[in-house]
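**Student:** First to last, the sequence lines map onto chains A and B.
Its first residue numbered 1, the first sequence is counted upward by one per residue in my numbering.
Its first residue numbered 392, the second sequence is counted upward by one per residue in my numbering.
Be a bit skeptical, because a hint or two may be false.
With a straight-line cut-off of 16 Å between C-alpha atoms, the simulated EDC-like cross-links for lysine to aspartate or glutamate are [what the hints assert, rightly or not]: (1) K267/A <-> E230/A; (2) K267/A <-> D508/B; (3) K218/A <-> E103/A; (4) K455/B <-> D169/A; (5) K267/A <-> D312/A; (6) K218/A <-> D116/A; (7) K267/A <-> E17/A; (8) K267/A <-> E19/A; (9) K455/B <-> E387/A.
Chain A regions said to be covered by chain B (calculated; three or more residues, Cβ under 8 Å) [as the list claims (entries may be wrong)]: (10) 79-92; (11) 260-274.
If you are wondering where the hints come from, they were derived from the structure by calculation, not from laboratory data.
The structure presented is a predicted model; accordingly, all values stated were derived computationally and were not measured.
Ideal placement from N, C-alpha and C gives every residue a C-beta, glycine not left out.
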Amino acid sequence: MNREPIVWNKSPNPWPEFEETLDALPMRELLERARGATVAAAADALARAESRRAGCELDDFAALLSPGAARLLESAAAAAHRVAIERFGRTVLLYAPLYVSNECVNTCTYCGFSYDNDVARRTLAPAEIRDEARILAGRGFRHILLLTGEHWSATPVDSIADAIRIVRDAGASSVAIEVAPLGVAEYRALAEAGADGLVAYQETYDRAAYARHHVRGKKRDFAWRLGTPERGALAGMRRLGIGFLLGLHDWRADAIALAAHARFLQKRAWRCTLTVSLPRLRHAAGEFEPPFPVPDREFVQLLVALRLALPDVGIALSTREAPAFRDRLVPLGVTQMSAGSRTEPGGYAHPLEAEPQFAIEDLRSPDEVAAAIARLGYDPVWKDWEEALHG
Amino acid sequence: MPTDRIAESIEASPEDRLEIAGRSFRSRLIVGTGKFASPEAMRDALAASGAEIVTVALRRIDLKGPRTSLLEFIDRARYHLLPNTSGARTADEAVRLARLARAAGLSEWVKLEVIPDPRWLLPDPVETLRAAEVLVREGFVVLPYINADPVLAKRLEEAGTATVMPLASPIGTSQGLRTRDAIAIIIEQARVPVVVDAGLGAPSHAAECMEMGADAVLVNTAIAVARDPAGMARAIALGVEAGRRARIAGIAGPRAEAEASSPLTGFLGESDPR
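Make a model of the complete structure from these sequences and hints.
**Tutor:** This is the structure we're talking about:
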């Protein structure tokens, strides 16, 4: 290539919102590369990605997503493995989700909690949250992801703050939240209550697809959701989780936007630890069929490309994926996994009394997952944070 | 060779000891405990390294959960525990962690790490100095992790830290001694031990630091992620040892021109002919 590489994000405005960066991405050109790069071009991109401590530029990342690069998957996977070992060592952090509520005002085509679904709804009372938190603490979890639907009266901000305190009191050393996108002041209150992480998936970075799948409710506001990680960082959250739902839209386009988002946040929110997640759509209530299903091979290609492009970014893997598949992804650069998950509120103490958000594929217990990780030659880590850091 | 004899065998000489804050150590290799495939692999690597000082991230230590703690694999009678403040982004957070370690009876020593940036893992000089001042005042033995900045090293020394620990290259990169010129100045100027920390990926890197006159090195990733961590721990210990012995033996520096081993003016003798 005898031209300047397409860089991740440069703007004359020192701190644009990510929306501005996203809209300015040369998406057509990048997608051409992601769909049409030759094997030789992909090999060049792979060589450059491997040689740079900082990861690769966006056009090389696009090339790594191409069918041409798929022919190089084994060598790309070996490179990803090396990068992951050097940066993160032979460890996998274990965490557990704790669903507080499945009440939601949004209608989303793919979600078990969608407003239109006629399912059993439940919001946990403080004592029930405590029961769930104690069960998870008893299983050894010190990293908890607290989730709700989006429902202003069922789960107001104050109640989420209370839930965070309850989970901390039960022994969690790190609490991340995945709740409705909020403003800086609300996130600050939740950070002060003891949340150190914020997870907010964009679902899809394509505006048209986003509008198709978010039919009704506040969630239709694409830009508000897109700015969520930045607001969390401003409010003092130390860990940011981003991602998109695999299956809603062309995964190559979403992956390019996700990588640009990650790179943007690495500069904009440079004090925050960043993790990406690749939730692949499964069946949920409403019999939703993903319009762009992602086969295993392409899923692995994406994971490997992300590991090479963003060597310092964590990769989280949920129990949406099957046990054998999850195990094989560990050496490719997964840094954290959930285990023994229930995705319905109250599910640890009282399984199946409410509708789950999605079906679990990996039904193994936390101990079984930890044993599998150890058999792979990795140390399952239960605690990698210290509550004293919160002051 | 049994691991308990390794430390002995690689000792330069009984008199050559590393002194930090009034304590004396035979080994000049400090090892870290992160990134290992298992606590058992870590334990074996520690033994093979001959190290006497071991650093542990407080954030990894679980004093109340039901799971086995990393600490159970570190023989406190054998290793001097050096808790580190990894995870702290500010002076206040680092100070809190150090106090927690002391309150939990772990140590009065602290490896001070204030790292605001999770991408490059580079230390914050301003917050590190602030934290060092507070911790020294509170009676801690402070070993600060810093960029290879000679002026910062002097400022920390003046604040009363027990060592300075400049980085060779960013943590975990195994790039070796990329900050050589600055570290040479730090060593030249220092009145406290200089421990080169971070980025050392091979025994030759460790040897290079010791040849330059570093008092000790700290290695973690290169050992933890090696195919055979115990084997690499031993190899790096030997690198440290080789570099230290060379330093003591006196390394002939590079010359601009060839120099004959039998000097051309040797016939003139030491003084005037009788």
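**Student:** All hints are to be evaluated individually against the structure, with a verdict given for each.
**Tutor:** Evaluation of the provided hints:
At roughly 11 Å between alpha-carbon atoms, K267/A and E230/A fall within 16 Å of each other, so this suggested pair holds. Among the hinted pairs, K267/A with D508/B is consistent with the structure: their alpha-carbon atoms are about 10 Å apart, no more than 16 Å. Of the pairs offered as hints, the one joining K218/A and E103/A holds, with about 14 Å between alpha carbons and a cut-off of 16 Å not exceeded. Between the alpha carbons of K455/B and D169/A the distance comes to roughly 12 Å, so the proposed pair stays at or under 16 Å and holds.
For the suggested pair K267/A and D312/A, the alpha carbons sit about 13 Å apart, so the restraint of at most 16 Å is met. For the given pair, K218/A sits about 15 Å from D116/A by alpha-carbon distance, which is consistent with the 16 Å threshold. For the hint pairing K267/A with E17/A, the CA-to-CA distance comes to about 12 Å; that is within 16 Å, so the pair holds. For the hint pairing K267/A with E19/A, the CA-to-CA distance comes to about 15 Å; that is within 16 Å, so the pair holds.
The straight-line distance between the Cα atoms of K455/B and E387/A is roughly 12 Å, inside the 16 Å bound, and the hint therefore holds. Judged by the Cβ-Cβ criterion of 8 Å, the stretch 79-92 of chain A is covered by chain B as claimed, because 7 of its residues qualify and three suffice. Requiring three or more residues with a Cβ within less than 8 Å of a Cβ of chain B, the coverage given for the stretch 260-274 of chain A holds, as 6 such residues are present.
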